[in-house]
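In order, the protein sequences belong to chains A and B. As numbered in full-length UniProt numbering, residues 1 to 460 make up the first sequence, in order. As numbered in full-length UniProt numbering, residues 1 to 460 make up the second sequence, in order.
Honestly, the hints are just simulated from the structure, not real lab data. Treat the hints loosely; a few may be bogus.
As the list claims (entries may be wrong) - Simulated DEER-style distance windows between Cβ atoms: (1) A:D176 with B:K420: 52 to 60 Å; (2) B:D102 with A:L372: 38 to 46 Å; (3) A:G447 with B:E107: 58 to 66 Å; (4) B:S214 with A:D222: 23 to 31 Å; (5) A:Q42 with B:K420: 25 to 33 Å; (6) B:D96 with A:E276: 39 to 47 Å; (7) B:E13 with A:F417: 35 to 43 Å; (8) A:T202 with B:M236: 37 to 45 Å.
It should be emphasised that the depicted structure is a prediction, and the values quoted were computed from it without experimental measurement. The beta carbon of each residue, even a glycine, is placed where N, CA and C say it ideally should be.
2 protein chains.
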Amino acid sequence: MNVKPNYAEELLEILHSSLSNEELLDRLSDYHENDIADALSQLTEDERKKLYPVLGAERLAEIFTYIDDPDEYLKELDLDKVAKVISYMDSDDAVDVLDEFDDSTQEKLVEMLDEEASHDIRMIQSYEDDEIGSKMTTNFIVIYHDLTIRQAMRELVRQAGDNDNISTVYVVDRKDVFYGAIDLKDLIIARERDSLDDIISTSYPYVTDHEKISDCIEDIKDYAEDSIPVLTDKKMLIGVITSQDIVEVVDDEMGDDYAKLAGLTAEEDLNETTKESMKKRLPWLVVLLFLGIGVSSVVGVFETVVATLPIVMAFQSLILDMAGNVGTQSLAVTIRVLMDENLTGAQKLHLAIKEMRVGFMNGLVLGTVSFLLVGCYIWLLKPNPANHAFLISGCVGFSLMAAMVISSLVGTLIPMFFHKIKVDPAVASGPLITTVNDLVAVITYYGLAWILLIQTFHLA
Amino acid sequence: MNVKPNYAEELLEILHSSLSNEELLDRLSDYHENDIADALSQLTEDERKKLYPVLGAERLAEIFTYIDDPDEYLKELDLDKVAKVISYMDSDDAVDVLDEFDDSTQEKLVEMLDEEASHDIRMIQSYEDDEIGSKMTTNFIVIYHDLTIRQAMRELVRQAGDNDNISTVYVVDRKDVFYGAIDLKDLIIARERDSLDDIISTSYPYVTDHEKISDCIEDIKDYAEDSIPVLTDKKMLIGVITSQDIVEVVDDEMGDDYAKLAGLTAEEDLNETTKESMKKRLPWLVVLLFLGIGVSSVVGVFETVVATLPIVMAFQSLILDMAGNVGTQSLAVTIRVLMDENLTGAQKLHLAIKEMRVGFMNGLVLGTVSFLLVGCYIWLLKPNPANHAFLISGCVGFSLMAAMVISSLVGTLIPMFFHKIKVDPAVASGPLITTVNDLVAVITYYGLAWILLIQTFHLA
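Excised from the complex, chain A in its bound form:
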């Protein structure tokens, strides 16, 4: 069995050898930029500084797009060299790299770029972070709709040198209005006498530049294309979303949902400072603290129940935890469904009823189990008469079931409500659901204990 080669290590060996610049460049050309990027980080600054001129600005541009913090390395170059490297980058990558510099350096760099590059970068920077325009690149192939197959092929070859994303060839009319798209494969296998129009899809899917990413990403995914065009309101073609962008956006959006479900305001990574982490976590915790104090003051109302029959307090944590777990399950399901599909009112009702039914069935199973288990526990381990024990555990079991049904419903309706009023349900729902569920569970449990155990059966 072959062991998978470690390309970064191979590269380090090559880079540390005493090859001539020409040989070195030839050897490096066989490797992927991502692996060269990995190797770069393991060189000393001096070694890197010797390597940069050998690689040249165009190759460096590609390599730096694979580095997380490219500014660290770009700082080892003169500013005019940095500008040159950036000018070779895909425009969306260039924007990402520029973001790593402070504002004044950014401004200086953009001014040193050629007109086209600086125009593209300023355009992409003009979009809000949650608009799809901020994710597009301006590197794509575009031809006029009235060319012949041969002319189109020639245009493709001419433009392919500067533009990476060639698998879809975009078509505009002579007024530069979007006309359609050609699958490169169809252009390659077309015969010279065929008409270009026959291979153009004129009703091609697109997004408009100011659309919210979260609104259009599901559509974009559904088309499963290598790239999707971005148009202005006036149907001018200004960029494309590549499949790499789609991977990135899907990753970001899901990571965001994940973080929010866990009560973080944004995703965190390994290198964050304590202060940054606190900033992401504290807001939610403060909200929860206040809501929690609210819940506690309601629990305080039932002091006398606990004073009369202390054993009941032992099972409060059980009922609250289970209600919380069930609520989180319903919340997670509802949020994923709300994100993925446009639900009709009937479908929403259907979902809510289904969640309640699942909550009820699960509650029935777990309520019965805990009625029996808790009953035996109180009867045998806390010396109590059997009838007392099972009265108490009946209270626990019933409250558990009731709390689970209501938690399922709350976990479904609250995110739907926030979605309806256009507030991100992933952020807003968590604390509210926890609080409502806690309140419902506490009131059901202690209320039932008060009425049934203390008022009716006079247990003490």
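Got chain A sorted already, so can you dock chain B onto it with the hints?
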């Protein structure tokens, strides 16, 4: 401002009009298969049955890959037509479609396919669901390494008819061993007198067929390529992972993490039956119920504390909820970091210390706030002397802080432990963390109340 056209509606209009078959086919060729798929679902069975022969097997193959439950529609075709449609699909899509049929129909269909298609499908089906081989497609362009540029171009044109994924051209030697890859762009702009070897990347990244998806998906994402080759142990090229597959895999993996964080065994969608949903949720809930009863029996030990000083029980929910929230935050951060990177021991220690520090700082803030707020509440609203009130709230505040520090640590160490012993931390950590945190919080709080409030200051 132009309103974005609704292609599915346009298509319905076209399909309901009385165009000749030829005109209809011509109009349909301008639309994306995904939109035709949408329109298809809004036709009656009879309308669809008339449309199928017009579209033909090749186009239908593309359209059906965009339908979630293609078997519903494929059942409207004869079995030999179904086989024909499947034979035109990319092999990974064909496998997905076949999965929708029962075993005997599947077997029948695979036998009706041509040898190449059935070989590819059986190969992909032979991989486990969590192996990268199960996600690959066999539709790619492959050429020999010793061709000229002109011969390579000719091969490309010949193979492009049958294979969708052309943006990377793969290269093998005469023994069919993987040799490297060519960016299609480089082939297109190459001059005829150039040597093919110059544009082949021989140290091209690849995955091996039996690699676990979760182990290699981060690497694949990092290379940001349109496709990544899949090799056997012997370096034979057997398939590629396309960027569409990458989007799908990233989506699945993240969706899975998300579901697990919420205590679901797998992602759910809208159309699931109550039984299926119960099956996904009940296992975790049962585990939590038993652990919860365990916690309750520990809480039961502190019955006398509550009997003596009932007010303390009001704040149990506050401390337990906050500990749970902090634990979930640390868990989420740790799981994402563990998935994304290969951590050294030093980095793990660094992460654990950072999590504790964040927990301590947040705990200090929230502990102080709750000391003040809870103190005022007990002093003013539950008539208690101020010194008693702030002794009790001091207990609450200190326990809250201690619980938050320990929860952060537990939320970090438990997933690391499961990761170390190769158990999925996303599944196993949740219940254990909740339980440990509940226990720690309960023991700290009631223990402190017992020693400080009752034994030392004799509050009652």
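We went through each hint and held it up to the structure:
Range check, D176 of chain A to K420 of chain B: about 58 Å between beta-carbon atoms, so the 52 to 60 Å window is met. Checked against the given bound of 38 to 46 Å, the beta carbons of D102 of chain B and L372 of chain A, roughly 41 Å apart, stay inside it. As the Cβ distance of G447 of chain A to E107 of chain B is approximately 60 Å, the hint placing it in 58 to 66 Å holds. The hint said 23 to 31 Å for the Cβ distance between S214 of chain B and D222 of chain A, and at roughly 25 Å that hint holds.
Between Q42 of chain A and K420 of chain B the Cβ separation comes to about 26 Å, which falls inside the hinted range of 25 to 33 Å. Judged by the Cβ atoms, the range 39 to 47 Å given for D96 of chain B and E276 of chain A holds: they are separated by roughly 42 Å. The supplied range of 35 to 43 Å is met by E13 of chain B and F417 of chain A, whose beta-carbon atoms lie about 37 Å from each other. A hinted range of 37 to 45 Å for the beta carbons of T202 of chain A and M236 of chain B is consistent with their spacing of about 42 Å.
Hint compliance for this structure: no hint is broken.
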